[in-house]
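S.K.: Sequence:
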Amino acid sequence: MLRLVLLALLFLAAAWGAAAVAAEVVSRSGKPRGEMVDIGGGRKLRLVCEGPRSARPVVWMEAGAFSGAADFAALQQKLTAKGLRSCAYDRAGMGYSDVGPNPRDGDAIVGDLEKLVAASGEVGPFVIMGHSMAGLYVRQFALRNPDKVVGLVLLDAVTPEMIGLDGAQVFVDRMTDLARVGAFVGPLKAPLYLMGDRIGLPAAGKREKRRGFISARQSRAAYAEVLSWRAAAEQAKAAGELDPAWPVAVITAGPPSERMAGWSAVRQAPAKGSRAGSIDNVEAASHTTMLGLTYGDRVVAGLERVLAAAGR
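So the sequence shown is residues 1429 to 1740, counted in this note's numbering.
FYI, nobody ran anything at the bench for these hints, they're computed from the structure. Where hints are given, some of them may not hold.
So the derived label-pair ranges between C-beta atoms look like this [unchecked claim]:
no.: 1; residue 1: 1463; residue 2: 1673; range: 31 to 37 angstroms
no.: 2; residue 1: 1463; residue 2: 1511; range: 20 to 26 angstroms
no.: 3; residue 1: 1526; residue 2: 1739; range: 36 to 42 angstroms
no.: 4; residue 1: 1703; residue 2: 1631; range: 20 to 26 angstroms
no.: 5; residue 1: 1463; residue 2: 1684; range: 20 to 26 angstroms
no.: 6; residue 1: 1685; residue 2: 1575; range: 36 to 42 angstroms
no.: 7; residue 1: 1693; residue 2: 1666; range: 20 to 26 angstroms
Keeping only pairs whose Cα atoms sit at most 27 angstroms apart, straight-line, the calculated DSS-like set for lysine-lysine is [claimed, not checked]:
no.: 8; residue 1: 1576; residue 2: 1700
no.: 9; residue 1: 1576; residue 2: 1510
no.: 10; residue 1: 1459; residue 2: 1634
no.: 11; residue 1: 1506; residue 2: 1634
no.: 12; residue 1: 1543; residue 2: 1472
no.: 13; residue 1: 1576; residue 2: 1506
no.: 14; residue 1: 1576; residue 2: 1543
no.: 15; residue 1: 1665; residue 2: 1543
Just so it is clear, CB atoms sit at the ideal spot from N, CA and C, and this is done for glycine as well.
Construct the entire structure; sequences and hints are all you get.
M.R.: Okay, here's the thing in structure tokens:
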């Protein structure tokens, strides 16, 4: 019996290893979209800009936790079809970008974004779009660069005030635990390659998303970011309040919940504080699928409301 158990374990280990090798080969196939941009200090970040250049604002996209430019592949495709230019990127250590120094708090991430924008050659003004935890980073960027920003689109986005709500610390602790596990068992995730896309992305974005999902390096970078979430919230709050003249579209996902009413109210606050704010809840979508091919048109509609309110 013991021999049979050992043989079964050896077989499973061999199968897992073979799946890992196959996943790694598939994940590295195909050229990544975009280009590597030098931001100084010996580091480069991967930048994906799509759509025609024009006098209209460029949409700069900031992905949520554990994520990068791949998350916006469907939205960029939709914006290009509308004749709008957009830029998404991989933060330091995420996707194809070089690793950055710790801590990976708001100051570090926004500082990198400022360098990337300057080095990209993209001319403003910009609409800044942030998903999930990126709500902290886009707020800080906008307040540090008000001359470059004409509006914001916040997608199920975190605000500094949310960190102080009931249950927030439990959520942060769970995300920290998840990131810690991913950071130390990243290589073991390789056979889970096909689980990497929970958004509904076009082929190129799907491949990039899956590659990042099984990357130990990306897992470590995500862990470094999660460790600094509370600091990032404090830094975003210290940056000040959004200019009420900026149009703000808040788009949320999922059915309304009384249990999450406090979180929803705080999420909606940036739009309610704007003279041209709008709120849209995509009830059939999830926190991730709101970015994909199926529900992304609602995000595009929110962006168009911001552009119209800004006279662009």
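S.K.: Could you run down the list of hints and mark each one as holding or not?
M.R.: Here's how the hints hold up against the structure:
Between residue 1463 and residue 1673 the beta carbon distance is about 34 angstroms. The supplied range of 31 to 37 angstroms therefore holds. Between residue 1463 and residue 1511 the Cβ separation comes to about 22 angstroms, which falls inside the hinted range of 20 to 26 angstroms. Distance hint check for residue 1526 and residue 1739: the Cβ-Cβ separation is about 38 angstroms, which falls inside the suggested range of 36 to 42 angstroms. Between residue 1703 and residue 1631, the C-beta spacing of about 41 angstroms breaks the proposed range 20 to 26 angstroms.
Under the hint 20 to 26 angstroms, the C-beta atoms of residue 1463 and residue 1684, about 42 angstroms apart, miss the expected range. Restraint check, residue 1685 to residue 1575: a C-beta distance of roughly 39 angstroms satisfies the suggested window 36 to 42 angstroms. Hint check: residue 1693 to residue 1666, Cβ distance near 22 angstroms, so the stated range 20 to 26 angstroms holds. Among the hinted pairs, residue 1576 with residue 1700 is consistent with the structure: their alpha-carbon atoms are about 22 angstroms apart, no more than 27 angstroms.
Our distance criterion of 27 angstroms between C-alpha atoms is met by residue 1576 and residue 1510, whose separation comes to about 22 angstroms. A C-alpha spacing of about 13 angstroms is found between residue 1459 and residue 1634, which places the hinted pair at or below 27 angstroms, so the restraint holds. Restraint check: the Cα-Cα separation between residue 1506 and residue 1634 comes to about 15 angstroms, which is no more than 27 angstroms; the hinted pair holds. With a C-alpha separation of about 10 angstroms, the suggested pairing of residue 1543 with residue 1472 holds against the 27 angstroms cut-off.
Pair hint residue 1576 plus residue 1506 holds up; C-alpha atoms about 24 angstroms apart against a cutoff of 27 angstroms. Distance hint between residue 1576 and residue 1543 is fulfilled; the C-alpha atoms sit about 14 angstroms from each other, no more than 27 angstroms. Only pairs whose Cα atoms come within 27 angstroms are accepted, and residue 1665 paired with residue 1543 is accepted, the gap being roughly 22 angstroms.
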